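J.: Per the numbering used here, the sequence shown runs over residues -1 to 1218.
Check before you lean on any hint, since a few could be wrong.
DSS-like mimics (lysine-lysine), calculated; alpha carbons at most 25 Å apart, straight line [as the list claims (entries may be wrong)]:
{"no.": "1", "residue 1": "K850", "residue 2": "K1126"}
{"no.": "2", "residue 1": "K1126", "residue 2": "K1174"}
{"no.": "3", "residue 1": "K98", "residue 2": "K558"}
{"no.": "4", "residue 1": "K98", "residue 2": "K126"}
{"no.": "5", "residue 1": "K98", "residue 2": "K379"}
{"no.": "6", "residue 1": "K604", "residue 2": "K558"}
Hints are computed from structural coordinates only; laboratory data are not their basis.
In this text, all values refer to a predicted model and were calculated from it rather than measured experimentally.
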Amino acid sequence: MATPSFKPNLPPLLPDAELAGLLNSILHATEAEERRGAEAAVVLALGNRANLPGLVRLLCGEGEGEGPSAGVRQLAAVLLRKRIFSFWAVLDASERTALKAVVLRRLGEEPVRAVRLALAHVVGRLAKADGRWGELAGAIHAAATGDARADMRELAMVLVHSLAEVFAGAPGLGEVAAGAVLRGLADAEAGVQRAAVKAAVALLPSLEDDAAAHGGLLRELLPLTVGLLQANARDPTRASLCRGLFELLEVVTEALSPKKNAGQLVELARGLLAVMEDRSTTASVRDGCGIALEELAARRPKFVVSHNLLQPLVDACVRMMAEDATIALPENNLDDPDEDDKDPNNDMDDDEDEDDMEAARSPCMIGGYLLSGLADKIPSKPFTAALLPFISAISDSSNNTNNSQPTHPFERKACALAMAALAEGSPAFLRRRVGTVLDLACRFLADEDATPREAAAFALRYFAEHLQPEILTHHSLLIPLLRDLLAKESGDLVRRRLAEALDTLCENLEEELEPYVVELMPVIVGALHHNTNDPHNSGGVSLETQTALCGVISSIAATKCPAFLPFAGPLLELFQQPLAQTAPATLALRAQATETAGIVGAAMGKAAFAPYVELFMPRIRENLSLGSAVLREHSFGFLSNLCEILQGDFMPYLDDALAAALHAIEEDTAIYTNRHPLAKGDMPLVLEDDFENRGGLNSHGHPADDEVKSGEEEAEDEEEEADAAEEIHMRVRTADIEEKSSALYCIGVFAEVLRGEFGESRVGRCWDGLSPLEGHFHPNVRGNAMVAGAKLLRASHGGAEVVPSQTEDTLSPRTRGLLNDFVHHVLLRTMQEEPEKEVFIAACEAMEGVVKFFGPQCFPFGPDALVRECVEGLRQRKACLLADEDASSTSSEDPDDDGDELFRAVDDAPAGTSSWREVISPQDVLRGVYLPEDHNEALDAIVEVLEALAGAYGGAFLPYAAYLFPLLGLYGDPQRRPAEDLVMATGSFAGLLLALGAGAAGAHFEAARALAFGVLRGSDDSAARGNSCYLLRVLVESCPERFLEPLGESSASFSSFSSSSSSLSMVEETLRALWEVVSGGAVAEIPQAVDNAVSAACSLVRCLPPGVVPREEILPSLLPLIPMRLEKAENANALATLVFLLSAEAEGTARAAWLPGMVGCIARVVAARGVDEAEKATLLQAGVRSFIARQPQAWQQACAVAELDGDQQEALRSSGVLCM
């Protein structure tokens, strides 16, 4: 082709032979100096566009003499691609036609695959520059349909992949490309099929604006893709093809409408189920089917239920879970926390038909993960109905000793795992049946086969996590059982699961754990002294099980109970051994021992742990330098605990610890891979980047005249850079994410503990490090960054308390700037836009912390914007709440998008509107609200923010109550809402009333009372009933006079309390309801609910006149229930009532019936470790001693007849109030 004319004074033209020689030197020079000289010469020469045709001639083999080598041709293509747009811009129409013709011809003739791909990349850029290239489309169609060479048919698919958006934008070409792809999918060659799959993935979304082409391709793709999957599922050599098919199915599924394409979606699900359940299918394909079905259920949960797909899915899951003995991922993946460190760049080529990119999951885990996904996304009622028959059948069979056909151990294992999934997906259902659940679990724990025992222990961990608080009331059964099993179990895998279950239980039992510590700790410590790497060795404990046992120690130490302290010092000595290990297999144990040591230190206290600090710090520094993410993660946990232990004495370690934490969060540890097909023809050379940095240079080293770019040329260059063939895949190790999260937590702890000592400069350094994380790809990192940011703000303010003015700015300019930016540009924006529930919850947690600390200073102009976000959240209109719903649901009950319309009216309000409350009335917030079937944890975070705001603003927040309480009422309907919603609604209603004061309680008394009694009458959930009692207590203390109003005729009776009046008073109704909770009634109440009922009864006794509340009848039954078992916060209210009953204000009351019981109650309070010492002192001084001073004889007589044990007598004697 002709050489276009260019401006003078440019680098000279190079003959083709000389240019080829330079390229050859770049490729083959053995001396670095020679190669760098050749690179510099090429960069200089290509600054003159007149030399670009030489690259074309070399690429097309048109140079003089013997043709250039394949390497030179490939490098010529790479360099031409970099400059093709600027080259294209100076060609006239005939030159452009000639260039396209010669390149297209060469593409069909080039024999070397790498060169073809590099040349195809050039063709792709030419097509994008041309906008429409009919000859190229024709060539692709001809190659796909008629070329006998498989590599050319594959190349046609690669070009469709690269040019999908070009074909989509040109009328008629989309259908040509779609036809070529369909032919490629039907090709007999696997390489062509793989390329066609990639092309289809790129082409289908690009054709959305071309209805005919898109619809036609979509109709053909689904059956063809499923057919290909079924045909290749059993062939291990076609694993990479099947991986591509799963990616294509994801794109196809997203494009299908559940309304218009319901039949196709059902057939897809059934096809995937059939492939997944076929035991002859390769492991990786079965795994892929499970993932695809989980994605379908996550995206379209209502569709799965309404089209009767749920039961087949659940049945398939439990059958797969009963196929083998496994429970967790292969042990070698679990055991090595840095497994992903090995060969990070060994990314698999799609052309290599390996069976798996990574170890395939076992059939049990495929089914288990799918079942867990269903538990998370499918509404709890249909999920429970689908899974329960399997559990019941296995349970009945295993309980029948005369069963002639006993179940297989794998079936019993699957039953235990199914119960774990049910605990995750429908906890409220199992919480009401926790006794039955534990009975079955105990049977499996006693199974003669190790597999059901391991599964039962695994399930217990799920029960302990999800069935709270009911399961914690069974600690007298569970802790001794797990302790004894741990001591006698011979299977190490079972021991590990037992340790994990014990860890979760101990973590949540708090002081209830103390009676078991003395007998539990020797079993754990004894196991730590054994060591074997054989998981089936019956004589020793593997490193992994020792790691789990360290976790148990952490949970026990976190209670800080006195019974643990004798074990603390010996444990720290014992940890020295794992902390000295450096072998890869030992790092997980070393990491856990590191963090456990910090928690043990916190239990010991500063003085006792101080001698050990310098023993551990060298190990921590070594941990941070060993290159292990899991070691660094747990070292940050140790440093967090150390800071809390040492307080200001941590300063010598602070800067080094901060530097390590900031390095961890700033380092990009992700592995990026370009999997675009054309990337295989690329040659990553330094000189490619030189074009961007140096441009064309004249002989004096200055920019050439024609390189002074116009705006159009700059735009072309930007387009050139953006048009690189890239399909970037990112791989991130879980350990790296956990490390960043731990580092962020660590920074937050440092700031929160040290506050003013942390210093403004450190706040600035950390703030700069955290700011880029707002856009981090992983939700855990984004969420933890916001929580840490809230703590940094407190450190920025310093050690002084914030002046909570609602009218004046009381903050320093620096803190004010950070606070405004953080609240409005980070937290509020996240609450408005964030689709990830975990991140939204973290934003709410950070907002709650900031509001509690800074109070009204957070919002100088009022909290209007934040309350709006919370109202939208309670209306289920936040992105993270809508993300859980199927946007394309077929249900006719789905609402229109009224929520957006509601607040859009605010956005469209005339200028001068100061608040959305001027546009929206309290009645409007209920319009168009549709509540999904299940509870969403994001709601709990929202109401926590509202309670923090109410606490900060007090009565000034009252105008918002009219908007919030009706919404909370929607969640408090026991006939329509799940138990978790009832707990949230009653608890939040009470918290808001308490913060807003008596005025709010009076204004919303009837709504609050109706909510409380509605739940007490209509729900059997003990936690919700307990919160209802708490709500009644708030009403009693805020509006006692309202309880004197009559309710009307009633003949009902309540325990021993009877009324001589023909009408039942509100007090009597309240007492009846409270005593049903206290006595247990028809519901097995949790201790927290009983404590709340007792506290509410105390408030009735204290706040209402004695003639209304029959104290002589109530107190003998009420006093034995004080102090509280678990709700320690309610002790203050109970003790205030005791002080009142002993005061002069209560004189005249017939005390003889209950005063001996009062003596015993006070003795228990004084002896109780869980009661605050200051509250005890107040009771003794203002209550007991004051009463003794007035009525010493009555007290002496009461002490004489009171039934006191030795400890109680000693408690009163040591307090100086025992008079006998």
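J.: State for each hint whether it applies.
T.: So, going through the hints one by one against the coordinates:
1. K850 to K1126: OK: K850 and K1126 at ~22 Å, within 25 Å.
2. K1126 to K1174: Holds. K1126 to K1174 sits at ~13 Å (cutoff 25 Å).
3. K98 to K558: 78 Å, violated
4. K98 to K126: 12 Å, holds
5. K98 to K379: The given pair, whose Cα atoms are some 63 Å apart, is violated under the 25 Å limit.
6. K604 to K558: 13 Å, holds
In the structure shown, a violation is registered for the earlier hints numbered 3 and 5, in ascending order.
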